[in-house]
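Chemist: Now for the letters of each chain:
There are 2 protein chains.
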Amino acid sequence: MRSEFDEKWLSQLRKGFLELCVLVLLEQRKSSYGFELSQLLEQANLGITEGTLYPLLNRMHKNGWLDSSWETPTEKGHPRRIYKLSKTGRKQLPAMLEAYLNHHSSLLTLKEMS
Amino acid sequence: MRSEFDEKWLSQLRKGFLELCVLVLLEQRKSSYGFELSQLLEQANLGITEGTLYPLLNRMHKNGWLDSSWETPTEKGHPRRIYKLSKTGRKQLPAMLEAYLNHHSSLLTLKEMS
DNA sequence: CATATTACCTTGTATAACATAGTAATATGC
DNA sequence: GCATATTACTATGTTATACAAGGTAATATG
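Chains A and B, in that order, give the protein sequences. Position one of the first sequence corresponds to residue 833 (my numbering), numbered consecutively onward. Position one of the second sequence corresponds to residue 833 (my numbering), numbered consecutively onward.
By construction, these hints were calculated from the structure, which means they are not laboratory data. A hint or two may mislead.
Each pair may be met inside one copy or between any two copies, as identical chains are not told apart.
[Stated by the list, open to error] Calculated pairs, EDC-like style, for lysine to aspartate or glutamate (alpha carbon to alpha carbon, straight line, at most 16 angstroms):
(1) K894 x E851
(2) K919 x E874
(3) K923 x E839
(4) K862 x E839
(5) K943 x E851
(6) K862 x E874
Could you build all of it, start to finish, from the sequences and the hints given here?
Modeler: Rendered as structure tokens:
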């Protein structure tokens, strides 16, 4: 079902934003893995498909924002790739959050400009 | 001068967002033109280069979100291309703004998730 | 008359979200 | 025992936007 405005715009709007969401989540939870992150984002009303999330995690790892390791299940279950904030990621997150919030404030300012 | 986080991330974050800013500005001001919009955005701390703004305006016009007309100066000054919200643009803006604000709320939710 | 300012346009590049399709292991129902 | 669902990750191709860089043209100014 298509909403009134162009959905393509929304996927543009989410660029960069989703990475920030993952960083914020990993700051809260210390560590997580793709499938769980996918569910957490879903709960927060930020639906994200696998085709978006997994490449995103790989990218963030390659960029040095995340550390990752494989968790081979002791008895049962599918192996999971665990992610944590790297030292770099932890350091950059506040600056990114600030940049985001500044943009948000600017938009509110525009709305109130007479 | 490079800030601490990757500047490329910031230009990704601005995708879609800048269009929303222009829509909001044109809602406030009834009509404007590229150069003036550029200055208004600059004042709001949303620096935007010409190479971003003019293609963006053309796109929004082509998508039917904006109406445009040339203002040939009566006596002096360079011709200006004037933009206004189109009927479609005016109708879509609230839905876009809502989608944006929902995403913003979701991020704040993530930050407060324990 | 050279420079600054106003004003707009064009081309090429990099990148992220998403669609789509695939792999593989475990769990569940019949 | 076998089909289906669920958990979990990967890979490829398309599309769209921000931005850099460079260009055009008219008016104003010292």
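Chemist: If a hint holds in the structure, say so; if it does not, say that too.
Modeler: Okay, the hints, checked on the actual structure:
1. For a Cα distance limit of 16 angstroms, the shortest separation of K894 from E851 inside one copy, 13 angstroms, qualifies, whereas the shortest one across copies, 30 angstroms, does not.
2. Proximity of K919 to E874 under the C-alpha cut-off of 16 angstroms is found in neither arrangement, the shortest distances being 27 angstroms within a copy and 34 angstroms between copies.
3. For the identical chains of this complex, K923 and E839 are inter-copy neighbours only, at 15 angstroms across copies versus 33 angstroms inside a copy, given an alpha-carbon limit of 16 angstroms.
4. Neither within a single protomer nor between protomers do K862 and E839 lie at most 16 angstroms apart by alpha-carbon distance, with minima of 33 angstroms and 26 angstroms respectively.
5. Proximity of K943 and E851 under a CA criterion of 16 angstroms is satisfied inter-copy only: 13 angstroms between copies versus 26 angstroms inside one chain copy.
6. For the identical chains of this complex, K862 and E874 are neighbours neither inside a copy (19 angstroms) nor across copies (38 angstroms), given an alpha-carbon limit of 16 angstroms.
Hints 2, 4 and 6, counting from the list given before, are not met by this structure.
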